[in-house]
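Protein chains: 2
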Amino acid sequence: MILAFAGGVGGARLANGLARILPAGSLTVAVNTGDDFEHLGLHISPDPDTVLYTLAGLNDAERGWGLAGETFACMAAVKRLGGEDWFALGDRDLATHIERTRRLATGETLSQITADFAARLGINQAIIPVTDDRLRTLVRTPAGELSFQDYFVRQRCEPAVTALVFDGAETATPSPALATLMQSPELQGVIICPSNPFLSIDPILAVPGIRDWLRRRRIPCIAVSPLIGGKAVKGPAAKMMAELDLEATPRAIAEHYLGLIDGLIIDRADTLQALGECHITDTLMRNIEGQERLARESLNYLERQRRA
Amino acid sequence: MILAFAGGVGGARLANGLARILPAGSLTVAVNTGDDFEHLGLHISPDPDTVLYTLAGLNDAERGWGLAGETFACMAAVKRLGGEDWFALGDRDLATHIERTRRLATGETLSQITADFAARLGINQAIIPVTDDRLRTLVRTPAGELSFQDYFVRQRCEPAVTALVFDGAETATPSPALATLMQSPELQGVIICPSNPFLSIDPILAVPGIRDWLRRRRIPCIAVSPLIGGKAVKGPAAKMMAELDLEATPRAIAEHYLGLIDGLIIDRADTLQALGECHITDTLMRNIEGQERLARESLNYLERQRRA
Numbered sequence: 021m022i023l024a025f026a027g028g029v030g031g032a033r034l035a036n037g038l039a040r041i042l043p044a045g046s047l048t049v050a051v052n053t054g055d056d057f058e059h060l061g062l063h064i065s066p067d068p069d070t071v072l073y074t075l076a077g078l079n080d081a082e083r084g085w086g087l088a089g090e091t092f093a094c095m096a097a098v099k100r101l102g103g104e105d106w107f108a109l110g111d112r113d114l115a116t117h118i119e120r121t122r123r124l125a126t127g128e129t130l131s132q133i134t135a136d137f138a139a140r141l142g143i144n145q146a147i148i149p150v151t152d153d154r155l156r157t158l159v160r161t162p163a164g165e166l167s168f169q170d171y172f173v174r175q176r177c178e179p180a181v182t183a184l185v186f187d188g189a190e191t192a193t194p195s196p197a198l199a200t201l202m203q204s205p206e207l208q209g210v211i212i213c214p215s216n217p218f219l220s221i222d223p224i225l226a227v228p229g230i231r232d233w234l235r236r237r238r239i240p241c242i243a244v245s246p247l248i249g250g251k252a253v254k255g256p257a258a259k260m261m262a263e264l265d266l267e268a269t270p271r272a273i274a275e276h277y278l279g280l281i282d283g284l285i286i287d288r289a290d291t292l293q294a295l296g297e298c299h300i301t302d303t304l305m306r307n308i309e310g311q312e313r314l315a316r317e318s319l320n321y322l323e324r325q326r327r328a
Numbered sequence: 021m022i023l024a025f026a027g028g029v030g031g032a033r034l035a036n037g038l039a040r041i042l043p044a045g046s047l048t049v050a051v052n053t054g055d056d057f058e059h060l061g062l063h064i065s066p067d068p069d070t071v072l073y074t075l076a077g078l079n080d081a082e083r084g085w086g087l088a089g090e091t092f093a094c095m096a097a098v099k100r101l102g103g104e105d106w107f108a109l110g111d112r113d114l115a116t117h118i119e120r121t122r123r124l125a126t127g128e129t130l131s132q133i134t135a136d137f138a139a140r141l142g143i144n145q146a147i148i149p150v151t152d153d154r155l156r157t158l159v160r161t162p163a164g165e166l167s168f169q170d171y172f173v174r175q176r177c178e179p180a181v182t183a184l185v186f187d188g189a190e191t192a193t194p195s196p197a198l199a200t201l202m203q204s205p206e207l208q209g210v211i212i213c214p215s216n217p218f219l220s221i222d223p224i225l226a227v228p229g230i231r232d233w234l235r236r237r238r239i240p241c242i243a244v245s246p247l248i249g250g251k252a253v254k255g256p257a258a259k260m261m262a263e264l265d266l267e268a269t270p271r272a273i274a275e276h277y278l279g280l281i282d283g284l285i286i287d288r289a290d291t292l293q294a295l296g297e298c299h300i301t302d303t304l305m306r307n308i309e310g311q312e313r314l315a316r317e318s319l320n321y322l323e324r325q326r327r328a
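Here the protein sequences come in this chain order: A and B.
Plus 20 on top of the position in the first sequence (first one is 1) and you've got the working numbering.
Plus 20 on top of the position in the second sequence (first one is 1) and you've got the working numbering.
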């Protein structure tokens, strides 16, 4: 059994590579829920959905979010009725949020719903939210505290970030399947996917028990740097690192994960700033072959850590 | 000021004719909410929406429900996720339910939301739910009591109807604009549109105060029979009348509205069964011209009652 921690697009891509090359049922992807929010009365889980859609092969690879072949008739009609249309919800994507919201209202947990969605979409690996409890990433800026989607979508990551707050984290607990896996003798290694360390991985680590478990674990854990040539492939990771007085280098990523990982996979473009144990390769996943290749290298690297 | 009571398609058509030939702001359509229901976590108001869409010119005239040019991508995705797809919700129609549900949750009333939707869709007459309170039509059948949409959509009106129950009616009150209009010296007449008397009009009359007001009113009130040649244009009115041991004739309609109306407009096809005061014409509204023609005849007939 392999456990992968993932956030949005980059994380979903490596998770997909892992899902494809590992035997069915031997991968669990624990996904960030700090980006979750309520919008138009619906519970939206952007990162779990990106992972679901990507592993189901339904994602729009070009646009980088949502479903392939998506239409936006509902949003246009919402706009006509004076509703909020700043967060683009596709007609097919909407079904996920409507069904999730309906089922949450009947008392089902995010874990149960996500697992069922994964099964119905034909995914043969486990996808779980990192927690079933309320966890909300808040972004501190000079102009005040913003909800994550306000910062990320509405304000297009323009405000400078001074700190991140994971509201609800203190009282959250790992989702049942994650808690079980953390104690399982079958778990052979952990991979932190190339997701934004601050926005996607830190909320996961903020759930009590997870960071401590990573520190104490006896199985190997590696991370894949989300940077390529000092820049994020997508998203505000590099911009945010500058605002937080960090250099956008593998060294800063390694220091961020200090004590939690045994090794870091970095892109060839970043070798000059490499420090300590790392594996250098191409980390850009242009297509499914690229996802499988990086997944294979990640598993091999994990295995080398286990033997070291 | 003219007040029209309406339910679904037939009611919406005459309401549209009235809306088009009356000066802006001089028509109020009070719509049945007994068909309202919660589905997929959304508050759906089928009759108010049919009236909204028809008066906005956005309705699908051929299909008889929903919006023209509608797509059903979301429903197909709901089905893929194992959700309920027996009630077809179009992608554009869904926006109405999402926005309504969201706004209800913020404390707005159905009346406020419906009025705002009407304004945003460019409708220059008033559309109001008959009540802002919970009102649910239940259908008694030999096999037990069914919710209205279960009977109407899921079971396609197949079960025999032994009685109708308007759950919540006893404690409901007329919506504020309707209550005001009922007391207004400006109100010149009432038209009961050609909607199913049992399913669309009776729930309106079950709201305390409305039936009594119709009995006591000093302004004229006429109804348009929903039957043509002893059959309903659409829907189960005639079938239901047989099950309730009523003949599907203008006489039965007139007796149903006894004491509430001054006259009945009936179709030429039903003249053999006519009884008492009635106006005979073509009541089938094939297109907008037909809607306007019947609306004009209704207003003229109403005026004749006022002078009588």
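Read the hints as simulated data drawn from the structure, not as lab findings.
Hints may be right or wrong, so weigh each one.
To be verified - Dumping the calculated EDC-like pairs for lysine to aspartate or glutamate here, alpha-carbon to alpha-carbon at most 16 Å: (1) B:LYS99 to A:ASP136; (2) A:LYS99 to B:ASP136; (3) B:LYS251 to B:GLU267.
To see whether the hints hold, each was checked on the structure:
Proposed proximity of B:LYS99 and A:ASP136 is supported: the alpha carbons are some 13 Å apart, at most 16 Å. With a CA separation close to 13 Å, the supplied pair A:LYS99 and B:ASP136 stays within the 16 Å bound. A hinted pair counts as satisfied when its Cα atoms are at most 16 Å apart, and B:LYS251 with B:GLU267 qualifies at roughly 10 Å.
Checked against the numbered hints listed earlier, the structure breaks none of them; every hint is satisfied.
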